[in-house]
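Protein chains in written order, with numbering that gives the first Met the number 0: chain R, 0 to 860; chain P, 0 to 195.
Because the hints were derived from the structure by calculation, they are not lab data. Here a beta-carbon is modelled for each residue, glycine too, at the ideal position from N, C-alpha and C. Among these hints, one or two may not hold up.
Dumping the calculated SDA-like pairs for lysine to any residue here, alpha-carbon to alpha-carbon at most 25 Å [what the hints assert, rightly or not]:
no., chain 1, residue 1, chain 2, residue 2
1, R, LYS370, P, LYS182
2, P, LYS78, R, THR373
3, P, LYS134, P, LYS55
4, P, LYS78, R, LYS302
5, P, LYS63, R, ALA766
6, R, LYS405, R, LEU383
7, R, LYS302, P, GLY148
8, R, LYS410, P, LEU32
9, P, LYS107, R, ASN574
10, R, LYS714, R, GLU733
11, P, LYS55, R, ALA417
Sample of chain R residues with no beta-carbon within 12 Å of chain P, all distances over it, derived [as the list claims (entries may be wrong)]:
no., residue
12, ARG110
13, LEU167
14, SER184
15, ASN281
16, ARG287
17, VAL323
18, LEU325
19, ILE330
20, LEU411
21, GLU413
22, ASP434
23, ARG644
24, PRO655
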Amino acid sequence: MKALIDWIDQRTGLTPALRNRLDAPAGGKVCVCKVWPATIFFAFCVQAITGFFLWMYYSPSAQTAWESVYFLQHEVVGGWLLRAVHHYSAQVLLVLIGLYLLQTIVLGAYRAPRELVFWSVVAMGLVCLGSMLTGDLLDWDQNSYASTKVRVGFLMMLPVVGEGLYKLTVGGPAFGHLTLTRFLSLHIGLFAGGLLGLLVLHALLARRSGPPKATCCSARHDLGEDAATKKTVDRRFNQAVLNMAACLVVLVVVLLLAVSNGVSGDEAGVELGAPADPNPANAYAAARPEWAFRGLYEFANSKIFPGNVKIIPIFIIPGLLVCVVLAMPWIARYRLGHVLNVAVTAVVLTVIIVLSFQSYAHDRESDDYQKALTAGRREAGRVLELARAEGIPAGGGLSLLLADPKTQGPKLYEQSCASCHNFDAPDATDAMVSDNPSAPDLYRFGSAEWIGGLLDPDQVGTAGYYGNTRFATGVMVRYVEDHFTKLPEEDRKAIVAALAAEARLEADGDDDPPAAEVIEKGKQLIAGRECARCHRYHDAGTVGVGPDLTGYGSREWLIGILADAAHPWFYGPRNDRMPTYFGSIDDPADNLLTAEQVELMARWLRGQWYEPPAPGEMAEREDVEQKPSKDRPVILTLDKWQSRRMEGVLPSETGPHAEARTLYRREHCALCHGYTGGVGEDIESADPVAPDLGNYASRAWIAGLLDPKQIKTAKYFGNSRFRSGEMVDFIVNELPDLLEESETEAIVAALSAEAALPSQKDADEAAADQIEEGRQLIGDYCGDCHRFGDAKGAGAPELNGYGSRPWIIALISDPKSTRFYPKTNDAMPSYLSFPEHPGRNLLTESQIGALADWLRGEKGE
Amino acid sequence: MEITPHPPCCDSPPCAAVEDRRGFLASTIAVVLGTVALLVPAILGIVSFFNPLRQKSTIRGFRKVTMLDVLPEDGMPRKFPVMADLVDAWNKLPNQPIGAVFLRRTGKDQVEAINVICPHAGCAVQYADSPEGGKYFCPCHSASFNINGTCLDESSPSPRPLDKLDVDLEKLQTTGEVWVDFKNFKTGIAGQEELA
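Isolated chain R (complex conformation) (with noise of 0.2 Å):
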């Protein structure tokens, strides 16, 4: 053995280098003072050491460099723990040097002939401290992403030189891969090779310089040096032994820090964030710089540097006072220099203190910080529950986080549906309200406690329907409220049981699921004419009237009016203010939403998304997939929606009077009115519930309806709720024997000449007497029910103006109002009943005028 190390010394002269090695820094006493140049020089190689094997797991690129710290974080065995050591130390290894420099300052250690020792103590310093900024990037989580975004962002500031000197930091005009192959190489070739140069290079001037003339231990027995020389083996050789017991407390520091977190489970270790997001719309809101830049945080934050000024405490400070430090050993020489030194330290080190101190208490008090950082944690353990149930995606955590509906969601609503949409959920973390929605709430939506609140009469015309939409009067609301409330109780809960069957909600969390005959009858109920009268639903119903009610609330469905609410199957051309979210498959740029974006609302507004399974429950649910559910993919359903754009598209009208004739069509005005025998050809009304608007309040129109035969028809009132009312009554029972032709003539005549039809001004003007007679008798017969002339009338419409243009517009803009059907409408929507408020009225006056204008047969455009 001996022979062995022999043969090595003679060849390297090992032994003897390394004994000097050891002993000579010890020169005098031992002493704890000495302890430093080891124990920084053992934490440098903890940190060579741990980031050579971190290097071995980390890819700097977007999409891999968080992906492989998680991986290391969370898959590899003892990884955490190595990125904890690795992190730990390296504040460390700051702290030491820092200590260090105080040491020397405080004993003057840095005068002639050391003050290049000095030098290299500062340089270590700063090295340090840039390899904690390059190396906090290198995690690629949001704290480090955006508060390396602010520093970075700081060198804008500097004149002539800021935009290259960011430029080439970030590695080009914004972050991304190049910003971390730069930091890696920075943080590994720079900074730490740096440090391992200065180390040697302070070692080498510390010994040329030879020890200090004045340290906590010589300057006590300098005078018995001499004496100590004697016995320098004895000693040097203790000195060397403590300083590897200074390095062992080194490292119990670091590895009790490192565990601190624990040493098991998800937060074990040093916390690493949610991979970051570089859209600023979703920006992390909680960047903090690390502990030892809290002080510069806090300065550079203070209120005496307004912002054009900021240059000062961020760089010139900062600058001056490196440059006060590395003149000090010069500052000593004059009288008092070094008590001044001192004092100097003695101010900027406890102003750093208390700054940080006031930082961190900033932070606890502040609730929007708190707020955003528990925003965060959350994501970073969503991430995490994702990525071990689906695998990271080559796009990176990121996308995994993206296409969360869980946390993405609200996010998405509110940038893209809150202004219009409330989302009222009890839990008031999610609630979005504003005072103001213009369109329903959409918590739950397609539950049966929705549906429920829809088909509520008193529910459907509020602001939580749709009481601020152009619907508010509109033939929904006058279903809902003249119809369905009409209907048994029974009938009533089927239809609202099956519409929420269709959504095929996971998350319908009802005790009590309705039967499945119950269903089945409320589908049946739905296909007839309850429903499908306006609506598709599967084979029934005809489509472009109402939203197809096939699949309401599904995924399918919602990726539908997502995409474009007004495609044909859901609004059409009457849709209010939606926006087409995704109109194009082939040109994504044109959409507001990606693809992706619109399965997600559509997921999150359905309450399905991935939750991991609770931990007792792993055993019992085996056979239950404990996977994400695989859905098609959304471009195929986006597709289906697309293709059958054509389909239910109204024909479009030329000729004159074609606005009236498509808002006929298109308001709904055709579900109920036919039109024949009127200017232009005749529209056909699927289901003429009420009277066909043809030739409207001309003389053979009103003696039709004064007929007895004709008036119980299908053209009049054959097919409404009044076939059976007191105006049918009397004109079949009664009127007969009440009147004589010529009279019942002069009626018609009269009633006729109040809407003054252009194509009977003629005629109105040669039976001026004929009239007269009418109105008399009008005022007799009809007066006891409808407001005519001195006759007041009792709940029927008013008779004065009666088919004229403004008798028309009234009835058109509010049928429910006192002079019309106040009591008896019979579905009619109001379609300009809020004057006040435009957005909530189906027409506008001049469309209503319009309309008027060619049922009176006006001469059109």
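Assemble the complex: chain R is given as a structure, and chain P must be docked to it using the hints.
Below, chain P without anything else, positioned relative to chain R:
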């Protein structure tokens, strides 16, 4: 056993004066040659290091952000991502969020666009509604701005108001689409200079 170093093969003892002169010349040449030799790889490296200076931002230009109808009529600002193709070194990623803007109605068909990036340090400002009126604030260094984007206090950390962006009014009024001329600006300086 002591080992004496083997004498170099070409070691012949010349006279001291000649050695001095020759030695000086030789070391000068050696230093020059060595420097030149090392400069070549260093220059290669430095040239590539400076490549980012040539890279120009690809994000600017008019982008369709949303529809006018989406914006609340009461003038509340809403945050929207701005989508465009993103070039990140070797990757070209289609239709990515490259920035974000606050949009708010300032009239029936008038829209104001503000870049969310805080002019102080480049964080994204947030909007907070309050009874005294809404304001933007920055979560990083607490800069705050009123709804027009101007700084709320004189000692604000932000050197200038929030950066406004142009909105294509013609498109807005004819199609109801909100197109914004998106760009980023240098942070931390009083003047508004585009970050190209």
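Outcome of the hint check:
no., hint, in the structure
1, R:LYS370 to P:LYS182, "violated (30 Å)"
2, P:LYS78 to R:THR373, "holds (21 Å)"
3, P:LYS134 to P:LYS55, "violated (33 Å)"
4, P:LYS78 to R:LYS302, "violated (28 Å)"
5, P:LYS63 to R:ALA766, "violated (64 Å)"
6, R:LYS405 to R:LEU383, "holds (13 Å)"
7, R:LYS302 to P:GLY148, "holds (20 Å)"
8, R:LYS410 to P:LEU32, "violated (63 Å)"
9, P:LYS107 to R:ASN574, "holds (20 Å)"
10, R:LYS714 to R:GLU733, "holds (21 Å)"
11, P:LYS55 to R:ALA417, "violated (36 Å)"
12, ARG110, "holds (34 Å)"
13, LEU167, "violated (6 Å)"
14, SER184, "violated (10 Å)"
15, ASN281, "violated (8 Å)"
16, ARG287, "violated (8 Å)"
17, VAL323, "holds (25 Å)"
18, LEU325, "holds (26 Å)"
19, ILE330, "holds (32 Å)"
20, LEU411, "violated (10 Å)"
21, GLU413, "violated (8 Å)"
22, ASP434, "violated (9 Å)"
23, ARG644, "holds (19 Å)"
24, PRO655, "holds (27 Å)"
Checked against the numbered hints above, the structure breaks hints 1, 3, 4, 5, 8, 11, 13, 14, 15, 16, 20, 21 and 22 and satisfies the rest.
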